[in-house]
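Number of protein chains: 2
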Amino acid sequence: MSYTIIDGFPSTSGDNYPLNTSSIIRGAAQTYPEVEIVSRQIDGTLFRYNYGQAYKRIQKLANALKRLGVKPGDRIGVMEWNTYRHFELYFAISGIGAVVLQMNLRLSPVDLSYVTNHSEARFIFVGDSLLPNIEGIADKLETVEGFVVITDQNLGDIKTNLPSLKSYEVLLEEEAAEFEWPMINENSAYSACYTTGTTGKPKGVYYSHRCIYVHTMMMTSSLRLGLTDVIMQTVPMFHGQGWGVWFCAPLVGAKLVFTGRYTMETTDILVDLMISEKVTFNNGAPAIFMPMLEYIRTLPEKPDFTGLRMISGATEPPLSMMRGYWNLGKAEVIHAYGATETTPIVLMNRFKPTIKGWTQEQEWANQSKQGLPVIGLDLKVIAPDGKQVPTDGETVGEILIRGPWITTSYYNDSRTPDCFDENGYWKSGDAATIDEHGYVKITDRFKDVIKSGGEWISSIDLENAIMSHDDVIEACVIGIAHPQWQERPLALVVLRDTAKETVSKEDILGIIGDHFAKWQLPDDVIFLDKLPKTGVGKFDKKLARSQYKDFYSE
Amino acid sequence: MSYTIIDGFPSTSGDNYPLNTSSIIRGAAQTYPEVEIVSRQIDGTLFRYNYGQAYKRIQKLANALKRLGVKPGDRIGVMEWNTYRHFELYFAISGIGAVVLQMNLRLSPVDLSYVTNHSEARFIFVGDSLLPNIEGIADKLETVEGFVVITDQNLGDIKTNLPSLKSYEVLLEEEAAEFEWPMINENSAYSACYTTGTTGKPKGVYYSHRCIYVHTMMMTSSLRLGLTDVIMQTVPMFHGQGWGVWFCAPLVGAKLVFTGRYTMETTDILVDLMISEKVTFNNGAPAIFMPMLEYIRTLPEKPDFTGLRMISGATEPPLSMMRGYWNLGKAEVIHAYGATETTPIVLMNRFKPTIKGWTQEQEWANQSKQGLPVIGLDLKVIAPDGKQVPTDGETVGEILIRGPWITTSYYNDSRTPDCFDENGYWKSGDAATIDEHGYVKITDRFKDVIKSGGEWISSIDLENAIMSHDDVIEACVIGIAHPQWQERPLALVVLRDTAKETVSKEDILGIIGDHFAKWQLPDDVIFLDKLPKTGVGKFDKKLARSQYKDFYSE
Numbered sequence: 001m002s003y004t005i006i007d008g009f010p011s012t013s014g015d016n017y018p019l020n021t022s023s024i025i026r027g028a029a030q031t032y033p034e035v036e037i038v039s040r041q042i043d044g045t046l047f048r049y050n051y052g053q054a055y056k057r058i059q060k061l062a063n064a065l066k067r068l069g070v071k072p073g074d075r076i077g078v079m080e081w082n083t084y085r086h087f088e089l090y091f092a093i094s095g096i097g098a099v100v101l102q103m104n105l106r107l108s109p110v111d112l113s114y115v116t117n118h119s120e121a122r123f124i125f126v127g128d129s130l131l132p133n134i135e136g137i138a139d140k141l142e143t144v145e146g147f148v149v150i151t152d153q154n155l156g157d158i159k160t161n162l163p164s165l166k167s168y169e170v171l172l173e174e175e176a177a178e179f180e181w182p183m184i185n186e187n188s189a190y191s192a193c194y195t196t197g198t199t200g201k202p203k204g205v206y207y208s209h210r211c212i213y214v215h216t217m218m219m220t221s222s223l224r225l226g227l228t229d230v231i232m233q234t235v236p237m238f239h240g241q242g243w244g245v246w247f248c249a250p251l252v253g254a255k256l257v258f259t260g261r262y263t264m265e266t267t268d269i270l271v272d273l274m275i276s277e278k279v280t281f282n283n284g285a286p287a288i289f290m291p292m293l294e295y296i297r298t299l300p301e302k303p304d305f306t307g308l309r310m311i312s313g314a315t316e317p318p319l320s321m322m323r324g325y326w327n328l329g330k331a332e333v334i335h336a337y338g339a340t341e342t343t344p345i346v347l348m349n350r351f352k353p354t355i356k357g358w359t360q361e362q363e364w365a366n367q368s369k370q371g372l373p374v375i376g377l378d379l380k381v382i383a384p385d386g387k388q389v390p391t392d393g394e395t396v397g398e399i400l401i402r403g404p405w406i407t408t409s410y411y412n413d414s415r416t417p418d419c420f421d422e423n424g425y426w427k428s429g430d431a432a433t434i435d436e437h438g439y440v441k442i443t444d445r446f447k448d449v450i451k452s453g454g455e456w457i458s459s460i461d462l463e464n465a466i467m468s469h470d471d472v473i474e475a476c477v478i479g480i481a482h483p484q485w486q487e488r489p490l491a492l493v494v495l496r497d498t499a500k501e502t503v504s505k506e507d508i509l510g511i512i513g514d515h516f517a518k519w520q521l522p523d524d525v526i527f528l529d530k531l532p533k534t535g536v537g538k539f540d541k542k543l544a545r546s547q548y549k550d551f552y553s554e
Numbered sequence: 001m002s003y004t005i006i007d008g009f010p011s012t013s014g015d016n017y018p019l020n021t022s023s024i025i026r027g028a029a030q031t032y033p034e035v036e037i038v039s040r041q042i043d044g045t046l047f048r049y050n051y052g053q054a055y056k057r058i059q060k061l062a063n064a065l066k067r068l069g070v071k072p073g074d075r076i077g078v079m080e081w082n083t084y085r086h087f088e089l090y091f092a093i094s095g096i097g098a099v100v101l102q103m104n105l106r107l108s109p110v111d112l113s114y115v116t117n118h119s120e121a122r123f124i125f126v127g128d129s130l131l132p133n134i135e136g137i138a139d140k141l142e143t144v145e146g147f148v149v150i151t152d153q154n155l156g157d158i159k160t161n162l163p164s165l166k167s168y169e170v171l172l173e174e175e176a177a178e179f180e181w182p183m184i185n186e187n188s189a190y191s192a193c194y195t196t197g198t199t200g201k202p203k204g205v206y207y208s209h210r211c212i213y214v215h216t217m218m219m220t221s222s223l224r225l226g227l228t229d230v231i232m233q234t235v236p237m238f239h240g241q242g243w244g245v246w247f248c249a250p251l252v253g254a255k256l257v258f259t260g261r262y263t264m265e266t267t268d269i270l271v272d273l274m275i276s277e278k279v280t281f282n283n284g285a286p287a288i289f290m291p292m293l294e295y296i297r298t299l300p301e302k303p304d305f306t307g308l309r310m311i312s313g314a315t316e317p318p319l320s321m322m323r324g325y326w327n328l329g330k331a332e333v334i335h336a337y338g339a340t341e342t343t344p345i346v347l348m349n350r351f352k353p354t355i356k357g358w359t360q361e362q363e364w365a366n367q368s369k370q371g372l373p374v375i376g377l378d379l380k381v382i383a384p385d386g387k388q389v390p391t392d393g394e395t396v397g398e399i400l401i402r403g404p405w406i407t408t409s410y411y412n413d414s415r416t417p418d419c420f421d422e423n424g425y426w427k428s429g430d431a432a433t434i435d436e437h438g439y440v441k442i443t444d445r446f447k448d449v450i451k452s453g454g455e456w457i458s459s460i461d462l463e464n465a466i467m468s469h470d471d472v473i474e475a476c477v478i479g480i481a482h483p484q485w486q487e488r489p490l491a492l493v494v495l496r497d498t499a500k501e502t503v504s505k506e507d508i509l510g511i512i513g514d515h516f517a518k519w520q521l522p523d524d525v526i527f528l529d530k531l532p533k534t535g536v537g538k539f540d541k542k543l544a545r546s547q548y549k550d551f552y553s554e
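First to last, the protein sequences are chains A and B.
Counting in the UniProt record's numbering, the first sequence runs from 1 upward without gaps.
Counting in the UniProt record's numbering, the second sequence runs from 1 upward without gaps.
Chain A with its partners taken away, still in its complex shape:
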């Protein structure tokens, strides 16, 4: 990193007062003590309490952590669904100066034990329904001294072979509900997340207190979150901090709803919870929002989602899905973009009333873009020659980003120099255009671009076109080695059950034929019951490519 920071005239303002997570929850307890937190439990019942009560338990937990021997700087693994206790753990662990290691239950055992050992975690907190994930790697863990099970059961009733097991609630019982929070250097880590986006071992991003503090403020500003909102945390809090949305709630005094355990097959739960708790803000990905909409279509009485905003990441939200929610009371699906390295929010698709003269179709097309750079970041789209691409919405370059909530290295990792440029920008690996109004559109991952006969084909464009078919639930397009053309596109498609007998390869290629050159169209379409996905719900193109690697050669 090579930029210079110059000194101006000294200020008198409170700059030695650190930006710490504890000041947010302490403030919420003072200003919004009666505001509710609702948490769905394993048995489907709802646990309810408020910021005042949560803060008391967080103080108890901080005392319990100290009694356990946790010291500032220690890494503490947490594997838990989105629950009120997960919320408590984030604030108590970071509040005493330790670090929440996010343990993604969808990681492979090999990766999960690597992450735990690499971070040298001293303790692991684990939900009782998730014990098998930890038991499976227990003998590989080199630094863990003990385990705390997050449970409503008695410790004696829990069957596990984990040693040194303690119970979360028992730990809390003995403690005082008062804690004097230390002032922590704001550049110290508050949480760590390992990214598995590329090949090789996961890479560690350690977020600072300052980073999440500024990110949270930016997010509440950008999204106009406020104390009349009801925020539901749907994205798993064990990865990428669940996009930091739940963190916004105590900052603005919004009611907070935790989804508890759900799977891709049980997203109905989420819809029911949104209706019963009058949720106004939600976060997730099309992989979740699509089946939710399917379920809503079966409801005899359509929910009124007036004022609802849903921030949608991971993959491009299909227009049909965005329209589906819009028809339920102008509910807005807000496309956003980020990564583990970016805390994560970088782009957000907000409609600008200052843009005049668009047709409704143009407005919808614009909604599918990843959106506008949020204020506070330096974002560039860079052509191979190192220059910024023109803002023409056509020229493709790589997104480079730096700013107060962008990582500048990977923890203890020799791959760091390859991933950042000499001015401290993180190289995203995402190909994108930027238009005259400032909207950025991701056209592809550089490694997912299909190279056919010396030309590039965008897999994402093909996927979106295929997904515009009414009977298609999901589609993924991959480049497969081809004896003549180097690579050729292959489409993997999931159809609605009702269409499985009727929709053919020709139908799929037919509806996209008008929008692409002939040589850009997939050579074949394979219908599947479901698509391979990564631990964070993205299409696992790496896996798909290996499964079909000989498809065009055989």
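For the record, the hints were derived by calculation from the structure and aren't laboratory data.
Heads up, some of the hints might be wrong.
One copy or any two copies: either way a pair holds, since identical chains are not told apart in the list.
With a straight-line Cα cutoff of 27 Å, these simulated DSS-like cross-link-like pairs (lysine-lysine) come out [unchecked claim]: (1) 380 x 56; (2) 201 x 427; (3) 530 x 542; (4) 56 x 330; (5) 56 x 352; (6) 352 x 330.
Place chain B on chain A using the hints.
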């Protein structure tokens, strides 16, 4: 200051990326280039441009400042109305690492020259209509090397005896519209304001880049400002940074309206501008909002102020005024509290939907409180024994504050140790209660409390009660030395023109008699055409007390 900051585990996040003002305006130019800025000119016409154009001029100005010889750390005085050029100056001066010295045109010449000399300002930028204010002190200025006049006129047409005069527009003309912003240590000052709240010479508060950055984010969050808003900057930007409201606009992409020149006598201008530009957010004080409402009452067609929020500071907004705006489309007057030392926002009165069961009258009464502590600050209300007062809404203590945007000293000033406690809290000098819901109410300045016969009488409670009279425009109650009771209250009252012949002292005392003990009532009521005010529009009780000091002794 004595708190310790501990180190945790190192993070990998972008903590060496400084929070600088330049990143906000650079971001606005990238993300919201077409969003409009409107600035009312001296002749009443409106100047219009947008963030993209403003950013080009700001870059030209940055180049011009460098050519003038301005260096990082230099202090540059600015005396100007709320205009687009004032906006440009803030960003260009701070962006190159220099400091905007806010020159309050309502300061006495003695104080103004003191402030300029104390800060050692090298240049002064001054609006052409304000030249006399600077000419009057020019021979007292010890460090100023040159003056730049902010004007649309030719330099030759301006009559002034100021030496080394340059023209703002001529300076810009010659410069390139591109500038490479330096990274500035975020703890360096971006602007300075001198507080005149207490006795003695003004005291210098030097706000850092980080301080205004975090304050701005907090403000946009707390107020739910967003890109569909139209923000009008009414509070003068030459003092307390105009409460930082105008700074929120580029952060969220809101249209920004600058009022230009107006006085207490010409507030009609403000109403007309709000209507024509469809303003949704405004800031000011009852001293401004009251005559505005008077004017609105004379309009044949009442404006529709649906969705309007007006943040109101300095003095408690009378209920009748808040109701008056509410009747124009549920326009919200948001009572807020702060000081020069606090950047300024500390308390803001937001209605919490979580509080159930209040009557409408209770809700209105609650609105008059200064409000809830914004998240991020440590705010205590401290009894004389040093303990926090109970949250009973009755027990009075002094407000103490510390946090990321609270000053921790005065620049080069021996009075610093008296104004801060040993834990880094600023001692506000304001007496307040805090209630079970977290709402804080200022009951008085400690120095304005009236001490009568060994008991305290709140001058503010009396003022509010008197101002609830329909025919009263303003009222101020002061403690006057009394031979028997030490002090006794005296009320100074301004009546509506139509009521001047009909309302008597007995009428005034009559309507407040029910709410106070007999001994708490003013012994006398004096009717005036206007009340003495300080440079920032507050009742000048110091002056009033000296004018009437012998009233009860004679």
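Tested hints:
1. Taking the shortest alpha-carbon separations for residue 380 and residue 56, only the inter-copy value of 19 Å comes in at or below 27 Å, while the best intra-copy value is 44 Å.
2. Taking CA atoms no more than 27 Å apart as the test, residue 201 paired with residue 427 passes inside one copy only; the shortest distance there is 18 Å, against 53 Å between copies.
3. Taking the closest pair of Cα atoms, residue 530 and residue 542 come within 27 Å of each other only inside a single copy of the chain (16 Å); across copies the shortest separation is 77 Å, beyond that limit.
4. Proximity of residue 56 and residue 330 under a CA criterion of 27 Å is satisfied in neither setting, with 39 Å inside one chain copy and 37 Å between copies.
5. When the C-alpha separation of residue 56 and residue 352 is checked against a cutoff of 27 Å, the pair qualifies only between copies, where the shortest distance is 21 Å, while the shortest distance within a copy is 42 Å.
6. Taking the shortest alpha-carbon separations for residue 352 and residue 330, both the intra-copy value of 16 Å and the inter-copy value of 25 Å come in at or below 27 Å.
Hint check: a violation occurs at hint 4 only; the rest are consistent with the structure.
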